[in-house]
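Residue numbers (our numbering), protein chains in the order written: chain A, 5 to 170; chain B, 84 to 587.
In short, the hints are calculated from the structure, not lab data. What you are looking at is a predicted structure, and each value in this text was computed from that prediction instead of being measured. Just to be clear, a hint being listed does not mean it is correct.
[As the list claims (entries may be wrong)] Quick list of in silico lysine-lysine cross-link-like pairs, DSS-like style, CA-CA up to 25 Å:
(1) K50(A) x K538(B)
(2) K12(A) x K513(B)
(3) K513(B) x K98(A)
(4) K98(A) x K12(A)
(5) K98(A) x K511(B)
(6) K511(B) x K12(A)
(7) K367(B) x K377(B)
(8) K97(A) x K513(B)
(9) K98(A) x K470(B)
(10) K465(B) x K145(A)
(11) K97(A) x K470(B)
(12) K327(B) x K370(B)
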Amino acid sequence: MIMEESTKRLRSLDFFMGTGFALIGLYVMFDGYIAYVSPALVTVEKSVNPGVTTLFVGGSLALLGLVLAVIGLRGSGNPFLKAAEVIPETLRKKSFLRGVLAMACIGVYFFIFWGRIPYVIATFIFLAGMMFLFKGGAWWKISLISGITVAVIWYLFGVLAMIPLP
Amino acid sequence: MAMGSEQIFYEVLKTLNLEFIVLIAIGTFIGLIVGALPGLTTTMGIALLTGITFKFSGHSAIALLMGLYVGGVSGGSLSGVLIGIPGTPANAAATLDGFPLAMAGKGAQAITISRTASIIGTLFGIGCLAFFTPLLSNLALKFTSAEFCLLGLFGVLISGTLTGADLPMKGWIAGIFGLSIGMIGMDELTAWHRLTFGIPELIGGVPFIPIMIGFFGIPQVIEALMSEQDVLVAALDKTKVKLKEILVHWWTALRAGLIGVGIGIIPGVGEDVAAWVSYGVAKKGSKHPEEYGKGSYEGLVAAETADNACIGGAIIPLLSLGIPGSPPAAVLLGAFLIHGVRPGPMMSFEFPAFTYQAVSWLLVATLFMRFMALWLARPMQKILQIKNAILMPIVAVLCAIGAFSLDIRFLDIVLVFFAGLIGLIFRKGKYPPAPLVLGIILGPLVDTNFRRALKASGGDFSIFFTRPIALALALAIVVLILGQLGVFGMLREKWRNRKERTAV
Numbered sequence: 005m006i007m008e009e010s011t012k013r014l015r016s017l018d019f020f021m022g023t024g025f026a027l028i029g030l031y032v033m034f035d036g037y038i039a040y041v042s043p044a045l046v047t048v049e050k051s052v053n054p055g056v057t058t059l060f061v062g063g064s065l066a067l068l069g070l071v072l073a074v075i076g077l078r079g080s081g082n083p084f085l086k087a088a089e090v091i092p093e094t095l096r097k098k099s100f101l102r103g104v105l106a107m108a109c110i111g112v113y114f115f116i117f118w119g120r121i122p123y124v125i126a127t128f129i130f131l132a133g134m135m136f137l138f139k140g141g142a143w144w145k146i147s148l149i150s151g152i153t154v155a156v157i158w159y160l161f162g163v164l165a166m167i168p169l170p
Numbered sequence: 084m085a086m087g088s089e090q091i092f093y094e095v096l097k098t099l100n101l102e103f104i105v106l107i108a109i110g111t112f113i114g115l116i117v118g119a120l121p122g123l124t125t126t127m128g129i130a131l132l133t134g135i136t137f138k139f140s141g142h143s144a145i146a147l148l149m150g151l152y153v154g155g156v157s158g159g160s161l162s163g164v165l166i167g168i169p170g171t172p173a174n175a176a177a178t179l180d181g182f183p184l185a186m187a188g189k190g191a192q193a194i195t196i197s198r199t200a201s202i203i204g205t206l207f208g209i210g211c212l213a214f215f216t217p218l219l220s221n222l223a224l225k226f227t228s229a230e231f232c233l234l235g236l237f238g239v240l241i242s243g244t245l246t247g248a249d250l251p252m253k254g255w256i257a258g259i260f261g262l263s264i265g266m267i268g269m270d271e272l273t274a275w276h277r278l279t280f281g282i283p284e285l286i287g288g289v290p291f292i293p294i295m296i297g298f299f300g301i302p303q304v305i306e307a308l309m310s311e312q313d314v315l316v317a318a319l320d321k322t323k324v325k326l327k328e329i330l331v332h333w334w335t336a337l338r339a340g341l342i343g344v345g346i347g348i349i350p351g352v353g354e355d356v357a358a359w360v361s362y363g364v365a366k367k368g369s370k371h372p373e374e375y376g377k378g379s380y381e382g383l384v385a386a387e388t389a390d391n392a393c394i395g396g397a398i399i400p401l402l403s404l405g406i407p408g409s410p411p412a413a414v415l416l417g418a419f420l421i422h423g424v425r426p427g428p429m430m431s432f433e434f435p436a437f438t439y440q441a442v443s444w445l446l447v448a449t450l451f452m453r454f455m456a457l458w459l460a461r462p463m464q465k466i467l468q469i470k471n472a473i474l475m476p477i478v479a480v481l482c483a484i485g486a487f488s489l490d491i492r493f494l495d496i497v498l499v500f501f502a503g504l505i506g507l508i509f510r511k512g513k514y515p516p517a518p519l520v521l522g523i524i525l526g527p528l529v530d531t532n533f534r535r536a537l538k539a540s541g542g543d544f545s546i547f548f549t550r551p552i553a554l555a556l557a558l559a560i561v562v563l564i565l566g567q568l569g570v571f572g573m574l575r576e577k578w579r580n581r582k583e584r585t586a587v
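Bound conformation, chain A alone:
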């Protein structure tokens, strides 16, 4: 029974992902079509036109995505109803929230800290902050590990490999 329910949930996800892949496939096909009819490529033989493969690959992706969406639709009963059940349940899960927090920390490090704050400071704040948030241990232990890691990375990349750290 539980197995059946988890399969239905997976099929519901398949419906949405299949639709997504079909849309990506259509976009790839559109890009291929633009190349195929482009006046800039009029002197190029049709068989060598870059749109040929793009159309083929995009078409295959769109077709497979569509088939997966149909499988998802049939296997889940009503994918929208299933999604309405699953989404609030997932949002309440502690593990999901931990995942979102981890992704957010990485996002902040990559998109806000990177290039704006000197690398050594940014990395130390990121490491210490993330270890602290996920309960890595006592504050002095976290500071020590973060400090050593930053020093090793700075020496390996910045000094030995001579990479201009941001």
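Once you have looked at the hints, place chain B on chain A.
Relative to the frame of chain A, chain B by itself:
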């Protein structure tokens, strides 16, 4: 340039100096640690280290990465035996018997047996690599654009079929999605910009290594941090295993070696499939199948020999055809290209000694693996207790700096992040990663050769099925697709019904 055997021997010796040996030792050591730590995979380790070692001279970086490959596949069984969590997916089958043995107070025996099986498997794979690569390279010289296009397509499809755990179609979608990503950038034949979304940095194509670092690294960090598990580390005894106890399973080891190499040669399938297939076959043919999963030496030998034999197997198509046999080999291909080594049929002319150099590096790595794994077993008990909350932020930092150091540009960091998101979605939806990796790598190969073949034939599609090798590959693709669509099952059913009716 053709090279005599003496010259090849000299070239091999040139890349076996102290510098190379030390680098291989470091690579094997890192591999054992990366492989043993649950959450870090060999593929991810190679991707990360490729970013870090890109300033090394070409061959030395490759030697180090090969050491990591050997160490990584073998290291995963250490955590499998000690804590019951396989370090990499390739060691999941070995954990089934390794952990019960450790819990029964035979941890040291389990580690010795799995290590010996790893060595047998790796040596078997290396032997096959040395023997079959030149043969396959010679065959590949007969390939034209049509064959290369079909081979690439076959690789993506078979990888999708064999690795799609939920539906094979998901493997195909992953592969074709990878092909689409592989086509981003300027077209090689006409200089037309495809799928670049107007971003000038994408004109040169999507850089492979940042994508791999993000796709394998970030989801691992997130998933490890999502759950906080307490680790139960098994105690190690001091008993020793007699060689006789291992040699008694020679037939299992030989069969596992053959399975490992065979599966390794199939594009994009990899070590985990090899281990499971070998474990299943060994259990089926065993006199004591009831012992499997409860601490069977035979099961441990079957799984560990196969996943290590797969290393050599996966490098055979990589070197001879330029098509990787496993996800770690796919990332290794990226590293080869960064360091100016272009694998494929022309390699026997451009780098005639490379195959044998690779064989010698793998042999040295196997030797180091033998000693390091036993020496590391006890300290590893401590290392395995490192909390994910400490380890994973460090991995995230390494992902960023590893990708950034390749081209010193911010776009690579962005790619790591988005590849990580795609990786997470793929895991949630049960899409296999191997076909996507293979698709990204083979995208340009399939695309360019498809159009080159059409140009050569004047737009005539018959070029894809009038040459013998092309016909065989085209048939294989058709059979693969029809098989997955259930056509053969339907035909078999019809034939059985007709037979029954005739009998009545």
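Hints versus structure:
1. K50(A) x K538(B): Roughly 9 Å separates the two Cα atoms, so the pair holds.
2. K12(A) x K513(B): holds (14 Å)
3. K513(B) x K98(A): holds (22 Å)
4. K98(A) x K12(A): holds (23 Å)
5. K98(A) x K511(B): holds (17 Å)
6. K511(B) x K12(A): Holds, at about 14 Å.
7. K367(B) x K377(B): holds (16 Å)
8. K97(A) x K513(B): With Cα atoms ~20 Å apart, K97(A) and K513(B) stay inside 25 Å; holds.
9. K98(A) x K470(B): holds (18 Å)
10. K465(B) x K145(A): holds (16 Å)
11. K97(A) x K470(B): holds (21 Å)
12. K327(B) x K370(B): holds (19 Å)
Hint compliance for this structure: every hint is met.
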